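Participant: Residue strings, one per chain:
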Amino acid sequence: MEKPFPHPLWPLCLLWLTSAWLPAAEVDFNRDIRPILSDKCFACHGPDERTREAELRLDTYEGATEGGEFAIPIVPGKPDESEVMARIHATDPDDLMPPPESHKKLTAREKDLLKRWIAEGAAYDPPWAYVPPARHPVPEVTVKDWPVNWIDRFLLANLEREKLSPSPDADAVTLVRRLHFDLLGLPPTPRETDAFVQAAENNPQAAVDREVARLLASPHFGERMAIYWLDLVRYADTVGYHGDQDHNISPYRDYVIDAFNANLPFDQFSREQLAGDLLPGSTVGQKVASGYNRLLQTTHEGGAQPKEYLAIYQADRVRNVSAVWMGATVGCAQCHDHKYDPYTAKDFYSLAAFFADIDEDQHFKVGSNTLPTKRPPEMLLLAPEDEAELAALKEELAAAGDKDEKKRLQAKVAAVEKRGRRTMITVAKPPREVRVLPRGNWLDDTGAIVQPAYPHFLAGDDPGSGEPGEGSRLTRLDLANWLTDPVDGTGGLTARVFANRLWALFFGTGIARDLGDFGGQGEAPVHPGLLDNLAVEFHESGWDVKHLVKLMVTSRAYRQSSLAPPEMRERDPHNQLVARQSRFRLPAEMMRDNALAIAGLLVNEHGGKSVKPYQPAGYYRHLNFPPRKYAADTGAGQWRRGVYVHWQRQFLHPMLRAFDAPTREECTAERPRSNTPVAAMVLLNDPTFLEAARVFAERIMREGAAGEGDRLDFAYRHAVSRPPDGDERRIMGELLAFARKDFQARPEAAKALVSTGQAPVPADLDPVEHAAWTTAARAILNLAETFTRN
Amino acid sequence: MNPLHEHRLALTRRHFFRQGGMGLGAAALGHLLGQDAMAAAPGMKAAAGLPHLPHFAPKAKRAIYLFMSGAPSQLDMFDYKPKMADLFDEDLPESIRQGQRLTTMTSKQKRFPVAPSMYAFEKVANNADGAWISELLPYTKKMAKDLCIIKSMHTEAINHDPAITYFCTGDQLPGKASLGAWLSYGLGSENENLPAFVVMNATWSAKRDAQAIYNRLWGSGFLPSKHQGVLLRSQGDPVLFLSNPEGVERNTRRRMLDALEKLNRKTLESFGDPETQARIAQYEMAFRMQASVPELTDLSQEPERTFEAYGPDSRKPGTFANCALMARRLAERGVRFTQIFHRGWDQHGNIAGDLPLQCRDVDQAAHALITDLRERGMLEDTLVVWGGEFGRTIYCQGKLTRENYGRDHHPRNFTIWMAGAGVKPGIVYGETDDFSYNVTENPVHIHSFNATLLHLLGINHRQFTFKHQGLDQRLTGVESAPVVKDILL
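Line by line, the protein sequences give chains D and H.
Residue 790, in the working numbering, is where the first sequence stops; the numbers in between run on with no holes.
Residue 1489, in the working numbering, is where the second sequence stops; the numbers in between run on with no holes.
Note that these hints are calculated values from the structure, not bench results.
A quick note: this is a predicted structure, and the numbers were derived from the prediction, not measured.
Where is the CB? At the ideal position from N, CA and C, for every residue including glycine.
Keep in mind that the hints are not guaranteed to be accurate.
[What the hints assert, rightly or not] Computed from the model, here is a short list of chain D residues facing chain H with C-beta under 7 Å: (1) His103; (2) Thr107; (3) Ala108; (4) Glu301; (5) Gln305; (6) Pro430; (7) Asp517; (8) Gly618; (9) Phe651; (10) Leu735; (11) Leu753; (12) Thr775; (13) Leu783; (14) Ala784; (15) Glu785.
Bound-form chain D, shown alone (with noise of 0.2 Å):
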């Protein structure tokens, strides 16, 4: 007889296996057992019918009480007489499950949390993912005074039932520091947190209230916020496979910085993206918007087959759609039905049938081995008074009758639109026909032939839920209200698959922890109400970004401190409990604006083409067709923000990929977070960095008066933004008088340090003070804490 249920040591089990700190109450579907059966058994026995063995599946309540072949499987409330029990338990590897050559095991807790469901009725609620969020009632709390708004008492009432108690605020600093870096990317000035903190002192609460407005409203909001947004949309200025050419996309880019800035509804930057070409009267904006279906990567590689490329193309697309918005793996039904979740292989084909009418094929032709290659059709655009001048000009050259003249003329019109920039864009043609590949293979034509539809499980009975008018078909603006209609289609699902990223941006991790899969296989939320609250309150709002924004990072757990005694970071490695807040390095391109910032070369224009930082001669030697020639910016162009650098998906900029920026190839919901000694070398010795140190020297030493300490206080006001310690004072003086020494005895190596980069090297300046400061400001912007957002 097995001991019963709990074992003493249970808790201590739980805590290893999971790092979950979850009861071991009452036995969720959802949470504790389709993890087990999606993982170890619906390979076999799920979703796809043609790999399904005794004609068994388990991903129904149906399939597993009917049965197969063999004896019923789960008898719900007895598990002595389920025929499951006996497999996971068998002795003979003949009747084991699962079985030993699929290297999948069942740990003793999985198999006592499966006896424990069936014995309580084996009852299978939908995936969590699919059923639409609805508002859960606000918990109650004892703690009255800490919650600010019903965020907090969602997750106090959770804290309350584990005995536990939130962190206490974080200091005003490293507060404002949060904000700064979460919404704008960029650090405060020292009069911006002397502000705060001053503020701060009187009405914590009101200070944050205040300064989110005040960022909210910053133009840096929109860079910051695309960051994450062009890695899910795989924004990059280059085809990527192949020659890995430029292709002409920058306006998508500055698209998304503005509607993230106007707070554009999330419907509507959908529907934009996915269809603004369609939408009635588009505007210039609606139609560079529509680029979103032409940042796949795209190739016209000598001897490429055009159908067997089109079938990647739309492949590509519907991972791509259906990470973004579904936050769903849909690519998995390719080549047959999803093994975990309930797409199927017509669905995905289906998906890829929205996208068949997009002109795309004409780059097979026209494709050529320049910089920018030809990726039509695209769209000019121009400064107003540009395109004031080219309609006047177009004027005269229809009216010119003389061959000189019009020579002229047409001059005069290429140098215009020399001027302008031009963009990829979407434009609907007659759809291709869309067939199912039978194992995805495009060279068999044998599949039927489908037409747009949604997923068939989510697509409801009712058929009015953006069912076509008579004898059309559904458009990719179809898809697009579908996907953020609460009622009539999926919004809800959208809604909260976005509220749980944005999640993860202020919280450092989702609630959901995978953002990037809510089916089957990814994890479920560990605070269901409190994502559909958000999910609902999103789109209920309007889809009012900034609003929910607002929420979270007004909210009392967004204040809390980060910092956590070792047996809370043991007992929730990941932060889902939320009794902290989380410590992270900043992204990538942060990691450049930050320095820039500080050292006041941070040059803050918006848009525009794609710059290109310092970069290592010959690191583009690799590519061809044509051999690439790297010339990086001059002037203002070497320091904008790090989402204007040029993105060459094959080579990217080795600075951003030391620091975990992907080279979107795929949708990226969450970038890993590296600790190397790659990226420590980047920080060390990149021109871009080093430059940032010297001229945030010189900045030290006119603006941060004569003595050495107020120096110092200067130095670390801008990049930590408080003063100095005793202990760092002293460590600093010393680092200093050494440098000092070191640069007397040679004065051309002072020399040689202070006129890195293209930024004028002061000449009232001693090289060799300056250099003992850049000495200083090198290793100012190496603390962890100078890039840590805390």
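Could you slot chain H onto chain D? The hints should help.
Facilitator: Below, chain H alone, put in the same frame as chain D:
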């Protein structure tokens, strides 16, 4: 990675740093004081891989992969087809082509005339029935007893980008982890001072435009980014941003790092954040790499006979011969996986002009590498692989003459070789038809090939997975990919 494991790793790491934290700086200083940076290496703790790996005792501790990008012509190098001599300029029979899809570069050709190899083949003794090798590879002939030549490789991809991505990452589409990244992730590094996965891109001699190569071929894909290959460059810094800036000497840098460490340690004390601890260690590792990488690339202590063996090019940074020598030095230092990409093998035309140049680039150096490893007793636990992303067609692309011809891409069969650790030496495996157009015996698919490679390194490829996008991702895909047991010792 499974969260439990991740958590345990973090704990181990933390434990390690707590024990050794302050000691790292001192060890690094030791290197500074004139010690051979590598002499200290064996005593240093290597970066760990997964705790349950290897799955079984590996035959190979490390691997060197000589990747011939562009697709070398098996017909002119290894796959001897004497019957073709009589079929010069005859049409390729449809019974052989069987409606095989062609690239759009030749699919519109009116004819597919047979182009027999213009090169003389010789049957050289190996440990079985001998191996036919062409006159383009005189040094390779000398090592037939070391090689396992596989003539029956096949792939589905017919264009370079998807094909090479397939070989290097197990998938034609981007986004997956590369072979070296998998090995770094699974097996970790044997040398703390050098990365586990090093990539070199060699210069080449063919005149024709070479195919580009891509970061993704040595990328980490869905694996943590620290596992991506580190490019060892032949111009500028050997590792990007390795050198101190102009004006900063090593002791200046040391003093700055000391100050930085003290300051970061204060942050560590206040927050107890293991990330800060790790960061301190990474700055030390970067500092050590400033010594270990130049020591690695400094060939001045190599005896004259080394350069004689690898050929005169081996003194020239960036050549294949130079990279091959560097690969041996990396292997000596415990680098897990070294990959050299040699471009220029895409002979759509002018085989007579370009193929001999390409062969000359690699033939002697590959021979020297094998010999060198054997002499050092390292061939028994070092696996060496040579090959490209697909093969080339028997039929001519472009103009066919007795003196020159071109060949299009051919995925249905092509030749690669392996040598060393655990691989049967001196055999030829697999067979193709008279046209070198179809495999007739013992086909080896890319996935099987990679499965075999992993097997030699002690890894069961079915069990070597990483969860991403809801799937257990593996290098060898979802279909069965049996290890090629026939070629194993």
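Participant: Should the hint that Ala784 (chain D) touches chain H count as held when the rule is a Cβ pair under 7 Å?
Facilitator: holds (5 Å)
Participant: May I ask you to test the interface hint for Leu735 (chain D) with respect to chain H, counting a Cβ-Cβ separation under 7 Å as satisfied?
Facilitator: holds (4 Å)
Participant: Does Glu301 (chain D) pass the interface check with chain H, least Cβ-Cβ distance below 7 Å?
Facilitator: Because about 5 Å separates Glu301 (chain D) from the closest Cβ in chain H, which is inside the 7 Å limit, the hint holds.
Participant: Should the interface hint for Pro430 (chain D) be scored as holding, given a Cβ-Cβ cut-off of 7 Å against chain H?
Facilitator: violated (24 Å)
Participant: Identify whether the interface hint at Thr107 (chain D) stands, where standing means a beta carbon of chain H within less than 7 Å of its own.
Facilitator: violated (10 Å)
Participant: Are Asp517 (chain D) and chain H close enough, Cβ to Cβ, to be under 7 Å, as the hint says?
Facilitator: holds (5 Å)
Participant: Min Cβ distance, Phe651 (chain D) to chain H: is it shorter than 7 Å?
Facilitator: At about 6 Å, which falls below the 7 Å cut-off, the nearest Cβ of chain H leaves the hint on Phe651 (chain D) intact, so it holds.
Participant: Does Thr775 (chain D) meet its interface restraint, that is, does its C-beta lie within less than 7 Å of any C-beta in chain H?
Facilitator: Holds: closest Cβ of chain H sits about 6 Å from Thr775 (chain D), inside 7 Å.
Participant: Quick check on His103 (chain D) please, does its C-beta sit within 7 Å of some C-beta on chain H?
Facilitator: holds (5 Å)
Participant: Using Cβ atoms only, decide whether Gln305 (chain D) comes closer than 7 Å to chain H, and label the hint accordingly.
Facilitator: holds (6 Å)
Participant: Would the stated hint for Ala108 (chain D) survive a check requiring a Cβ distance to chain H of less than 7 Å?
Facilitator: At about 14 Å, which exceeds the 7 Å cut-off, the nearest Cβ of chain H leaves the hint on Ala108 (chain D) violated.
Participant: Once the shortest beta carbon distance from Leu783 (chain D) to chain H is found, is it less than 7 Å?
Facilitator: Holds - the Cβ of Leu783 (chain D) comes within 7 Å of chain H, reaching about 6 Å at its closest.
Checked against the numbered hints above, the structure breaks hints 2, 3 and 6 and satisfies the rest.
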